[in-house]
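Protein chains in written order, with this note's numbering: chain U, 1 to 111; chain Z, 1 to 113.
Just so you know, the hints here were simulated from the structure itself, not pulled from any lab data. Keep in mind it's a predicted model, so treat the numbers as computed, not measured. Hints are not guaranteed to be accurate.
Said to hold, decoys possible - No farther apart than 27 Å at their CA atoms in a straight line, the calculated lysine-lysine pairs in the BS3-like style are these: (1) Lys-38/U x Lys-103/U; (2) Lys-5/U x Lys-57/Z; (3) Lys-103/U x Lys-57/Z; (4) Lys-103/U x Lys-71/U; (5) Lys-38/U x Lys-9/Z.
As the list claims (entries may be wrong) - Cβ-Cβ distance ranges computed for the label pairs, FRET-style: (6) Met-29/U x Val-50/Z: 12 to 22 Å; (7) Thr-111/Z x Asp-59/U: 33 to 43 Å; (8) Pro-79/U x Ser-18/Z: 47 to 57 Å; (9) Ser-52/U x Asn-30/Z: 16 to 26 Å; (10) Glu-58/U x Pro-83/Z: 43 to 53 Å.
All C-beta atoms, glycine included, are put in the ideal place defined by N, C-alpha and C.
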Amino acid sequence: DQQVKQNSPSLSVQEGRISILNCDYTNSMFDYFLWYKKYPAEGPTFLISISSIKDKNEDGRFTVFLNKSAKHLSLHIVPSQPGDSAVYFCAASGGYSTLTFGKGTMLLVSP
Amino acid sequence: NAGVTQTPKFRILKIGQSMTLQCTQDMNHNYMYWYRQDPGMGLKLIYYSVGAGITDKGEVPNGYNVSRSTTEDFPLRLELAAPSQTSVYFCASSYESLSYGYTFGSGTRLTVV
Chain U
1 DQQVKQNSPS
11 LSVQEGRISI
21 LNCDYTNSMF
31 DYFLWYKKYP
41 AEGPTFLISI
51 SSIKDKNEDG
61 RFTVFLNKSA
71 KHLSLHIVPS
81 QPGDSAVYFC
91 AASGGYSTLT
101 FGKGTMLLVS
111 P
Chain Z
1 NAGVTQTPKF
11 RILKIGQSMT
21 LQCTQDMNHN
31 YMYWYRQDPG
41 MGLKLIYYSV
51 GAGITDKGEV
61 PNGYNVSRST
71 TEDFPLRLEL
81 AAPSQTSVYF
91 CASSYESLSY
101 GYTFGSGTRL
111 TVV
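With the hints as extra help, turn the sequences into a complete structure.
Shown next as structure tokens:
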């Protein structure tokens, strides 16, 4: 039973355009959400997070939006760059420090 | 600043063998975690620790053991390796607050044959 779902295994975007990665969750107890980026043969790297008391958080080119009523969050990357090509994981926490991860979305940004 | 260091990076085990995956961090994080990632899947929590001497099971603890004798080290022990334990193992550490997320190691790719 997947509590964090990333329904798009892959996404292709042209350089300079917006990348939108989506994530849905089923557990109403989740109150903190994070996005990680992972390159091959490396560990995941923390990108950005958002608390359930907010609906938006920005950090440079990265913005995360949270829609609690829909149990949906999204990561926007603007503008997309070839170096952004990686697997992106959505993760959620329910009041503890442990995280539940989605399966990931592979983003390919072409020049 | 080394962050989280995992050794070895690769290992091939025979069925029934045992091994210890090492993990050490130099950020003075109290919280440490072991996750495994199977192909095409997300990371699943094996064990975690909120401080020296304190460990707890995650989602998939069967076949593994951990110990936390110091703040820095959090080794993962595999007893009687099975093919189902073929995976990439990631160790991570964090502060209690998730505002800064986890810091992950680079992973150990384990194959059981």
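Do the alpha carbons of Lys-38/U and Lys-103/U lie within 27 Å of each other, as the hint requires?
-> holds (12 Å)
Given the hint of 12 to 22 Å, check if Met-29/U and Val-50/Z actually sit that far apart at their C-beta atoms.
-> For Met-29/U and Val-50/Z the Cβ distance comes to about 19 Å; the hint holds.
Is it true that the C-beta distance of Ser-52/U to Asn-30/Z lies inside 16 to 26 Å, as the hint says?
-> holds (24 Å)
Assessment of proposed distance window 33 to 43 Å (beta carbons of Thr-111/Z, Asp-59/U) | About 37 Å separates the Cβ atoms of Thr-111/Z and Asp-59/U, which means 33 to 43 Å holds.
Cβ-Cβ distance between Pro-79/U and Ser-18/Z: within 47 to 57 Å?
-> holds (50 Å)
Using the Cβ atoms, figure out if Glu-58/U sits within 43 to 53 Å of Pro-83/Z.
-> holds (45 Å)
Given pair status - Lys-71/U, Lys-103/U, alpha carbons within 27 Å = holds (17 Å)
Between Lys-5/U and Lys-57/Z, does the CA-CA distance stay at or below 27 Å?
-> Given pair Lys-5/U, Lys-57/Z holds - Cα atoms ~23 Å apart, limit 27 Å.
Would the pair Lys-38/U and Lys-9/Z pass a check requiring their Cα atoms to be no farther apart than 27 Å?
-> holds (16 Å)
Could you grab the alpha-carbon distance between Lys-103/U and Lys-57/Z and see if it respects the 27 Å cut-off?
-> holds (21 Å)
When held up to the earlier numbered hints, the structure conflicts with none and fits them all.
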